[in-house]
Amino acid sequence: MISLRVNGEDRQFDGDPNMPLLWYLRDEVQLTGSKFGCGVGLCGACTVHIGGEAIRSCTTVMADVADKEVTTIEGLSPSGDHPVQVAWRELNVPQCGFCQAGQIMQAAGLLNQKKSPSDAEIYEAMAGNICRCGCYQRIVAAVRQAATGA
Amino acid sequence: MLHHLSQHLATARLPSSGRAIIENVSRRSFLRGTVSGVGLTLALQFVPFKSAGAFETYPTGGLDMPHGIVTDPNVFVSIAPDGTVTIVAHRSEMGTGARTSLPMVIADELEADWSKVKIVQAPGDEPKYGNQDTDGSRSMRHHIQACRQMGASVRQMLRQAAAKEWGVDVAEVKAINHEVMHEGSGKKAGYGDLATAAMALPVPKFEELSFKPEGEFRYIGKGNVSIYDLHDITTGKAVYGADVHVPGMKFAVIARPPVVGGKVKSVDDSAAKAVAGVEQIVQLEGANLGSKFAPLGGVAVIGKNTYAAIAGRDALKIEWDDGAHAVYNTEKYNQEMSATAKQPGKVVRNLGDPDGAFASAAKVVSAEYHQAHMAHVSMEPPAALAHVNGDKVEVWAPVQSPFGTREDVAKMMNVPIENVTVHVTLLGGGFGRKSKCDFVLEAAALSKQVGAPVLVQWTREDDIQHGYYHTTSTEHIEAALDASNKVVGWRHRSVAPSIMTTFAPDDGQQAGFELGMGLVDMPFEIANVRCENGKAMAHARIGWFRSVSNIPRAFAVQSFVAELAQELGKDQKDFLLELIGTDRVIDKQAAGLPDDYWNYGEPYDQYPIDTARLRGVVELAAKEAGWGKELPKGEGMGIAVHRSFVTYVASVVRVQVGDDGTVRVPEVHTAVDCGFAANPERIRSQMEGAAVMGMTLAMLSGITFDQGQVQQSNFNDYDMVRADNFPVNVMVHIVPHPFEVHASGVGEPGVPPFAPALYNAIFNATGKRIRSMPLGEQLKA
Ligand code: FES
Ligand code: FES
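Protein sequence lines, in the order shown, are assigned to chains A and R. Under our numbering, the residue at position 42 of the first sequence is numbered 42, and the numbers go up by one with no gaps. Under our numbering, the residue at position 84 of the second sequence is numbered 84, and the numbers go up by one with no gaps.
Among the hints, a few may not be true.
As the list claims (entries may be wrong) - Calculated pairs, SDA-like style, for lysine to any residue (alpha carbon to alpha carbon, straight line, at most 20 Å): (1) Lys273(R) with Asn18(A); (2) Lys273(R) with Asp16(A); (3) Lys222(R) with Met731(R); (4) Lys304(R) with Gln30(A); (5) Lys114(A) with Asp724(R); (6) Lys116(R) with Arg89(A); (7) Lys237(R) with Val86(A); (8) Lys237(R) with Val29(A); (9) Lys237(R) with Gln30(A); (10) Lys212(R) with Lys222(R); (11) Lys633(R) with Arg769(R); (12) Lys304(R) with Val29(A); (13) Lys237(R) with Glu9(A); (14) Lys304(R) with Phe13(A); (15) Lys304(R) with Met1(A); (16) Lys780(R) with Gly658(R); (17) Lys265(R) with Gly286(R); (18) Lys304(R) with Glu28(A); (19) Lys237(R) with Pro78(A); (20) Lys222(R) with Arg89(A); (21) Lys332(R) with Met537(R); (22) Lys237(R) with Arg89(A); (23) Lys304(R) with Asn18(A); (24) Lys237(R) with Glu28(A); (25) Lys780(R) with His370(R); (26) Lys237(R) with Leu31(A); (27) Lys304(R) with Asp16(A); (28) Lys114(A) with Gly51(A); (29) Lys535(R) with Ala324(R); (30) Lys222(R) with His737(R); (31) Lys188(R) with Asn177(R); (32) Lys304(R) with Val61(A); (33) Lys187(R) with Glu172(R); (34) Lys304(R) with Asp14(A); (35) Lys164(R) with Glu183(R); (36) Lys486(R) with Leu568(R); (37) Lys222(R) with Leu91(A).
Hints were generated in silico from the structure; no laboratory data involved.
With these hints in hand, go ahead and build the complete structure from the sequences.
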């Protein structure tokens, strides 16, 4: 039996400890904000936080999250007003939107570590998150805006 | 005969209709008859209507689409007593903003306050909503008039209801910002108060409507409305194909034949059955090329969650019978295409005496361009949930063609279409892939076999290895120059497997709609022109990919222009303008375009090829980019222009090429002339995105086959442009136009000019000419 916290709620899991966290969140908990984009850690669509740090939930298995605090896009901010979310809306970042939960969680994770990252640091931190619609210009601008609060 | 008919129809209509070109032949012919005859109920007529407030209708290809265009406001608009205006979005949302922009047009003409507007997504129901095929860059192009009409209708009905209630002349009653008022008496009423009475009134005739002058638009043309789903997207609440949960649902993944048309020879599923959470293993019938959207077949693993299904599939041991397409080998096929392109092909456009021009030329310049297959790779891999319950089928799916999906499901399940419901979720990208509903058919077939709702999830490997690929092509171009270095002859041979092979037996030739995308519509002022099409047989499923054949054509033609400029010692931009020639609307006959020239399904007189607009975007992009300015060593600027989907786009790309061959794109200027710009904010986002996708296609995307199997599998070997190297600053310049310059489309036209502009820039930076797309390692050699 694995105990964990998801978005502030205690949960127990007694299935296969090798199950990726992503499928637990999506299929079992029905938190579908985290997306399946590649399954192998190459696209970032599944990004969530463990203890405030951005990780890929598709390559993190349940055994790894025992006694951990998992935050998904649904739990990033109760009101949906995390500075990154606000910046995303102000700059009209999304197109199809499918990658955006992962992008936002990645950006929020970056800002947890670094209050005002340089452009080079933003590029590097966001490079694991693919946006096929091609919103990078606005993604980078929104991370900058969220960081400076400008 | 059927094939002939279908080709004819395909040339008469838009290509990107995910809808069957073949199976709907009778339906479309019938429809066509009715359109030119009695007209569709409430559809816009060919005879222009004029109404007060400067809106004259014009015909579009939308009238020729299955079920045409519906303009009945009762179908699209409802108003609740609290004033909430609910507007139906009948087109699918895949990132272009159509789900927001069309209702926004209705809301503006209705004088509704956007903050009180709610949008609901229509299920697949074309008899009710009109055509729903969301492709071909035509949502705004085909529906902006109807949206204005419906908004103005409801505004008028509200005014009439108020006038009646107050016993005053309707002419004295105004509707402004969600409120109706009578100036004389000072009486006021909210939209909610009047809704019941207003919506019970007869819908006014078009001629009775008064439209808002453009100067009074609140949202149209302003770019001040965010996409409707913005909050849900940023908080994880937006619902895509795999996000719907229903009680008792199962999760499935499918092992499909590695070679299209292949079959299961034997399966050992003992290990798969032993995987915890695997509940059932089911074989599916498969189909070969030419079977429209019929599933590929294979072995499905049904689990209690997606993880179990994937793990079960990993444990399957399957022996396949590959079938005839196991011969497909990219290297060999490229050689064959190249050999074909050196021989005369079927003549598809002829002007003047090209043979004579080449025979008497002082110089002939020629070049050949090759473009690899590409896969759509929308960020959301195909996924659909189906629930078959007796003879009823309910589907939740991210589809670009909801009604076509419904028709195909009904047909496959052999149930009446009334028994099938298709709910449309948001699409996590589409790019043409989700016009093909094979993944929905898989879910329906499995739900029936399993007796429970089934969600079919494609993995990224499935998506890359079992797609409907963007065609691969070889484009061979020759120019004849006279003694004064004037281009007097142009010969362009195109060789590429056709999309038609997905629908019909393969005759090796491209269809009219493919030829119309940058081959026969070459707009240069050259006296002698011949375009030819050489045969190429398909060995993979070929399908519409954002911008379709315009990608290889713009790449070839616009690269060749730069090569000619180099040959003649001229500036790329100046020479491009020289070839475009005098400002003129191209006369189809005089230019030798085929009689059945396919103009993106649009009436040619309404959307002709206008070289002044082509020149306009070239000059605008060049000016904004500072074309001609000194650049540091290792940098270059390149330009390209292309008209597609009746929109004109020019791109100037600036590159920095490192000593190690690394390509960076610090700046792009994209000039777009899409007629009246209804939602400039989403036009910009489409153009920004097109630059990113354009860069991915130009640099990275190549699907290759060996022994009939796709060689790539995931982002490790089919990568995308990422945040560490993307077009950093994409500046979009929109040519302003009044409403009377017909709005066209923006979903696709931004893509084609990017690759040639990039390659032309690379040439200017390095002297190296790229003739094979994608770039890959070509600069690293
Ligand atoms: S789904 Fe996890 S990184 Fe792509
Ligand atoms: S918004 Fe569509 S993939 Fe990023």
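For this session: Run the structure past the numbered hints and jot down the numbers of the failing ones, going up.
Result: none
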